[in-house]
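Visitor: In this text, residue positions in the sequence shown follow my numbering: the first is 897, and each later residue adds one.
Each hint should be verified, as a subset may be incorrect.
[Said to hold, decoys possible] BS3-like cross-link-like pairs, simulated, lysine-lysine; straight-line CA separation at most 27 Å:
{"hint": "1", "residue 1": "990", "residue 2": "1073"}
{"hint": "2", "residue 1": "990", "residue 2": "950"}
{"hint": "3", "residue 1": "950", "residue 2": "1073"}
Keep in mind that the hints were calculated from the coordinates and are not lab data.
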Amino acid sequence: QEQQERFDRLLPLVVDVLAEGRPAAVAAAVAAEGADAALDVPGGAVAALGAAGKAAADAGGAAAVQQHCDAVGCAAVGALLQMATAGGSDVYWKPLHYAVLMATRGGGGVRAKLLGLGVVSRLAELLREEYLMLLPEALPFVAELMEDGEVAVEGAAQGLVAQLEALSGERLEQYLKA
């Protein structure tokens, strides 16, 4: 009960970081302390976003991934993944998954889309077969992102589709049509 309440309070705050980036006060404090390096993810943003990040980079969007996915965004991805795995059940995975998918539709632009796709990619990587129950919910969002117009977002979405096809063992093309 207490863990669920903490999860419910924390989830919207961390998801907001995907779209909005670090609040100005946090940015100033981080810059003043020179703490950006402490937040850096080994392998950079491309590695932090898993298969979606690699696909975005391969599609020619590596610069966009680096530009839009700063250390705080990567830390938010990591925090969301920790929240999902610490909960250990779909009671936590479902609301987190949905909140992240909704963030890709909000006003967060390329940043929110890339980070959101990264969370979904890494979540699928962590949950493996257990992610399949979340797959139907993700498909309409992924279909939209495949037609985004931003090379990095489209590449990340295509990379996620390839990852999900490998996980599910079936072609998802028929489910991605508008």
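Visitor: Does each hint hold? Answer for all of them.
Guide: So, going through the hints one by one against the coordinates:
1. In summary, the hint linking residue 990 to residue 1073 is supported, as the alpha carbons are separated by about 23 Å, within the 27 Å threshold.
2. About 25 Å separates the Cα atoms of residue 990 and residue 950, which keeps this hinted pair within 27 Å; it holds.
3. Of the supplied pair hints, the one linking residue 950 and residue 1073 holds, its CA atoms being roughly 24 Å apart against a limit of 27 Å.
Checked against the numbered hints above, the structure breaks none of them.
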